[in-house]
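K.L.:
Sequence:
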Amino acid sequence: MSKAVWSNVRRALSFERAALVFTGLSVVTLYALVLSQPPATPQKTAEQNSISEQASLRPLTDSDLQNSGSTSKRSAAKPIGVLSIAPTEKLKKIFDQIGYRLDSVRTHRQVPRFFLAAVPKDLPQLREPAERKRVFVMMTLPLVLHVNELILQTRAQIKTLQHNRASGKSITIKDQDFLEEVADKYGLDNLDIDQLLKHVDIIPPSLALAQSAEESGWGTSRFAREGNALFGQRTWHSTTGIIPKKREEGKKFKVRAFDHLLDGVKAYARNLNAHPYYRDFRNRRAAMRDSADQTIDGMKLAPTLVRYSERGEDYIATIQNLIRINQFTAFDDTKLLDKLENLRKKQDGPDA
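Residues in the sequence shown are numbered from 1259 upward in steps of one, following this note's numbering.
Because the hints were derived from the structure by calculation, they are not lab data.
Accuracy of the hints is not assured; some may be wrong.
To be verified - Here are the simulated DSS-like cross-link-like pairs (lysine-lysine), alpha carbons at most 25 Å apart as the crow flies:
#, residue 1, residue 2
1, Lys1417, Lys1379
2, Lys1558, Lys1593
3, Lys1391, Lys1417
4, Lys1351, Lys1391
5, Lys1391, Lys1558
6, Lys1443, Lys1456
7, Lys1391, Lys1427
8, Lys1348, Lys1456
9, Lys1391, Lys1350
10, Lys1593, Lys1456
11, Lys1558, Lys1350
12, Lys1593, Lys1351
13, Lys1558, Lys1456
14, Lys1391, Lys1593
15, Lys1351, Lys1379
16, Lys1427, Lys1417
17, Lys1432, Lys1417
18, Lys1427, Lys1456
19, Lys1379, Lys1391
20, Lys1348, Lys1391
21, Lys1348, Lys1379
22, Lys1443, Lys1432
23, Lys1456, Lys1432
This one's a predicted model, so the numbers in the text were calculated from it and none came from an experiment.
Given these sequences and hints, build the entire structure.
P.N.:
Have a look at this one:
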């Protein structure tokens, strides 16, 4: 065979080897790309897709559900629907879509399990004060009800153990640890179940709504928008608080800031339930709990919070006016639905 023919054969073999190598590398690269992709997520229902298109929603994680400083896992709160961050116009569309209206809440006493992570940044831009107030109440009420739900779960556990002890049943080490941890959480030096029950009880929604509206300017304050702080709680220790622009010279306090609105509501409830300043609040609430109708009245409890603000009696008058003018007492016996669902269908029936 001539040299020219051998040369052509060698070139052909070299090309074939290069092609095989190139093909092999391509296959390996393709497999690597496929394996690196995240696993497919289950497809959402039409209703979930509809809501998700209107706001940034995600299911709450276990850490979101936990009560701040929770000491027991004996029972879990009913699952929260979604956590949302969205502009007000989108929120209003979602509220309308699920039939969430304040007049319906006052009538049917049902509130959707729908929770905002943060105050909408554009809330102050709503031109109509009435509209701004309505959005604020609708975003705050579910948070207050959920915090009360968590408190009542702990209270029920305590009362069960109280009943067992009164019936002569032994208290386990685990039960005793639970009671001591809750007592420590609420600032009790000694474990006394009767005293503990005075601390572990709800904050009437009417009172919480009025205080949050006053302290946050109906959600428009800098502290609400930047720190998810609806209740103006001060701190002298946290490095993450917000310094008031008009803080007096020589003062060291900051306004507490929170990751989520829910965290701020939990901190507010614990403040009223634990701080020595609010002992009268807890005593009067306990008396209401022991009364015939067991109604916990936010209007009547307001005067016990005279030390909540430097304004004293003027502050109390403002809170009571807010409760009265906005008819907040109507929300005191409202309940969260078991899950996020369409209120309009639930209230009007399937044939509506």
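K.L.:
Does each hint hold? Answer for all of them.
P.N.:
Right, here's what the structure says about each hint:
1. Lys1417 to Lys1379: Roughly 42 Å separates the two Cα atoms, so the pair is violated.
2. Lys1558 to Lys1593: holds, 21 Å
3. Lys1391 to Lys1417: violated, 38 Å
4. Lys1351 to Lys1391: OK: Lys1351 and Lys1391 at ~16 Å, within 25 Å.
5. Lys1391 to Lys1558: With Cα atoms ~23 Å apart, Lys1391 and Lys1558 stay inside 25 Å; holds.
6. Lys1443 to Lys1456: holds, 13 Å
7. Lys1391 to Lys1427: violated, 51 Å
8. Lys1348 to Lys1456: Given pair Lys1348, Lys1456 is violated - Cα atoms ~41 Å apart, limit 25 Å.
9. Lys1391 to Lys1350: With a Cα-Cα distance of about 13 Å, the restraint between Lys1391 and Lys1350 holds, given a limit of 25 Å.
10. Lys1593 to Lys1456: holds, 22 Å
11. Lys1558 to Lys1350: violated, 33 Å
12. Lys1593 to Lys1351: holds, 22 Å
13. Lys1558 to Lys1456: OK: Lys1558 and Lys1456 at ~17 Å, within 25 Å.
14. Lys1391 to Lys1593: Distance of about 21 Å is within 25 Å: holds.
15. Lys1351 to Lys1379: holds, 17 Å
16. Lys1427 to Lys1417: Within the cut-off at roughly 13 Å; holds.
17. Lys1432 to Lys1417: holds, 16 Å
18. Lys1427 to Lys1456: The hint holds at about 23 Å.
19. Lys1379 to Lys1391: This hinted pair holds, its Cα atoms lying about 15 Å apart.
20. Lys1348 to Lys1391: holds, 16 Å
21. Lys1348 to Lys1379: Given that 25 Å is the threshold and the Cα spacing comes to 12 Å, the pair holds.
22. Lys1443 to Lys1432: Given pair Lys1443, Lys1432 holds - Cα atoms ~16 Å apart, limit 25 Å.
23. Lys1456 to Lys1432: holds, 22 Å
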